[in-house]
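Below are the chains, spelled out letter by letter.
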Amino acid sequence: MIGPFLILLLLGLFAGTFGALVGLGGGIILVPVLSLWLGLPITVAVGVSLVCVIATSSGAAAIYVQQRLTDMRLGMLLELASSAGAITGALIVPFLPPALVKGLFGAFLLYSAVLMVRNRVAEQESASTTDYPVRNYPLGLGVSYAAGNVSAILGIGGGPIKVPLMNVFMGVPLRVAAATSNFLMGVTAAASAILYYSRGDVYVAVAAPLCVGVFAGAFLGSWLAKRLHGRWIRLILVLVLLYLSALMLGEAFGFHVPGRGR
Amino acid sequence: MSNARPERAYDWVAAVLRWGSYVSAGLMLLGVALVFFQPDVPIQVGSAMPLGAMLEQLRYGNPYAVMQLGVVLLLLTPLARLMATSASFWLEGDRRYSLVSVAVLVIILASLLFSRASH
Chain A
41 MIGPFLILLL
51 LGLFAGTFGA
61 LVGLGGGIIL
71 VPVLSLWLGL
81 PITVAVGVSL
91 VCVIATSSGA
101 AAIYVQQRLT
111 DMRLGMLLEL
121 ASSAGAITGA
131 LIVPFLPPAL
141 VKGLFGAFLL
151 YSAVLMVRNR
161 VAEQESASTT
171 DYPVRNYPLG
181 LGVSYAAGNV
191 SAILGIGGGP
201 IKVPLMNVFM
211 GVPLRVAAAT
221 SNFLMGVTAA
231 ASAILYYSRG
241 DVYVAVAAPL
251 CVGVFAGAFL
261 GSWLAKRLHG
271 RWIRLILVLV
281 LLYLSALMLG
291 EAFGFHVPGR
301 GR
Chain B
1034 MSNARPERAY
1044 DWVAAVLRWG
1054 SYVSAGLMLL
1064 GVALVFFQPD
1074 VPIQVGSAMP
1084 LGAMLEQLRY
1094 GNPYAVMQLG
1104 VVLLLLTPLA
1114 RLMATSASFW
1124 LEGDRRYSLV
1134 SVAVLVIILA
1144 SLLFSRASH
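Going line by line, the protein sequences match chains A and B.
Residue numbers for the first sequence follow the working numbering, so the first one is 41 and each next one is one higher.
Residue numbers for the second sequence follow the working numbering, so the first one is 1034 and each next one is one higher.
By construction, these hints were calculated from the structure, which means they are not laboratory data.
Backbone N, C-alpha and C define an ideal beta-carbon position, used for all residues, glycine too.
Any given hint could be a false lead.
Facing chain B, according to a computed beta carbon distance under 8 Å, are these residues of chain A, among others [as the list claims (entries may be wrong)]:
#1 Gly99
#2 Met112
#3 Ile127
#4 Val190
#5 Val208
#6 Phe209
#7 Gly211
#8 Leu214
#9 Arg215
#10 Ala233
#11 Ile234
#12 Gly240
#13 Tyr243
#14 Leu289
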C-alpha cells in the first residue's frame, strides 16, 4: 500500500531539487510525469501541480519577503492581472481538448529548454535592489494576465515568463524580479487551484506526498546548489526538458508513449 | 512608484507565508506518515472528500483527512497573505495598495462562487 506514496515522495523530491537548483518550479516536471506515466487525466495532473506550485512559492516567498528582496507593491499590481488570467484559464480548461493542453505544454517545455541554453536571456542587473525606476506597466499587466492564463492551463508557476518580463522590459533588478515572481506565483496558482479543487481535480492522496517531497527537495536543492557545478545541472535539465517535450508533443499528435500509465 | 519597503507589511506577510507553509506541510507529512503506520487503510485516489466529511474523519485520525486538511490550509495560505497585505498596507496609510489586494481577493472568491453555481 505504501509503494505508490514512496514513488510520489521521490518524484516530488526530484522535481523540488531540480526546481531549486535551476530556479524553475517543480510543475514543469510533475505535469508530464503524472500525465504520461501515472496515467492521471491532464486536468488532475495540472490541479495537483498547482498545489505544489503554491507549496514551493509560499516557502520561498517567505524567505525573500523577510530579506526585503520582494517588490510587494509591484507584485500586488501584477497579481491583479495574473489572478484574473489564472481564473480565465481555469474556467476555460475543461472545454479545451486534452491533446491541445499537452501540445501547449510540450511547446512550453521546448521554450524553457531553449531559454536555459541561451542562459538568462539578456540579464540586466542593477547595483541596488530598492532604488530603480519601474517602467512599462501596461505591458507588465498584459503579460502577467497571459502568464496567469498559461499557469492555470498548464499547472506551472510561470517564472520563465515573469522573470524576463520584469527584468528586461520593466527595469527590475534580476534578484528582485525572481523574488517578486515567486511572491505573486502563490496567489496566481491559488486563484486557479481553488477552482480545480472545487471541480474535484485535486487528488489529495497524490498532492500530499508530492508536496512533502517538493518541500524536502527545495531544501536539498538549495543545499546542493552551493556544491554542484551549475553547468552540468543545467545540461541535465535541458536534456530532461527536451525529452519530456518530445513525449508531450508526441502524445498531442496521437503517438503512443512507451510505459504510459492507464 | 516608490520602491520603499513598508516594514510592518513585510513582517506580517513573511509570517503568514512561513507559518502557512510550515503548518500545511506538517499536516501533509503527518497524513503520509499515518498511511505508512496504518498500511491496512485502503488507498483513496480520487477527488477530495466534502469539508464536513473531512472534519468528521479527522476525529478518527483518517490519514487522508489529515492530508486534505494540509492541502486546504495550503490553498488558503495565499488568501490569508492577501488579507495580511491588505490590512498592513491600510495601517501603513497606503489605502490604494490595500484596495488592490482586496480586489484580488474579491475576484478569487467571486470566481469560486461562480464555479460552484455553474456545477
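Verification of the supplied hints:
1. Given hint, Gly99(A) at the interface with chain B, holds; its Cβ is 5 Å from that chain's nearest Cβ, closer than 8 Å.
2. Given hint, Met112(A) at the interface with chain B, holds; its Cβ is 6 Å from that chain's nearest Cβ, closer than 8 Å.
3. For Ile127(A), the shortest C-beta to C-beta distance to chain B is roughly 4 Å, which falls under 8 Å, so the interface hint holds.
4. Proximity of Val190(A) to chain B is violated relative to the hint, the smallest CB-CB distance being about 17 Å (cut-off 8 Å).
5. Residue-level restraint check for Val208(A) is violated (minimum Cβ-Cβ distance to chain B is 18 Å; threshold 8 Å).
6. Interface restraint check: Phe209(A) against chain B, minimum CB-CB distance 16 Å, threshold 8 Å, status violated.
7. The closest approach between the C-beta of Gly211(A) and any C-beta of chain B is roughly 11 Å, which is over the 8 Å cut-off, so the hint fails.
8. Taken as an interface hint, Leu214(A) does not check out: its beta carbon lies about 15 Å from the nearest beta carbon of chain B, beyond 8 Å.
9. Taking 8 Å as the C-beta contact cut-off toward chain B, the hint placing Arg215(A) at the interface is violated, the least distance being around 13 Å.
10. For Ala233(A), the interface hint holds, the least distance from its beta-carbon to any beta-carbon of chain B being 6 Å, beneath 8 Å.
11. The interface hint given for Ile234(A) holds, since its Cβ lies 6 Å from the closest Cβ of chain B, which is under the 8 Å cut-off.
12. The interface hint given for Gly240(A) is met, as the beta carbon of that residue sits about 3 Å from the closest beta carbon of chain B, less than 8 Å.
13. The interface hint given for Tyr243(A) holds, since its Cβ lies 6 Å from the closest Cβ of chain B, which is under the 8 Å cut-off.
14. Checking Leu289(A) against chain B: minimum C-beta separation of about 28 Å lies over 8 Å; hint violated.
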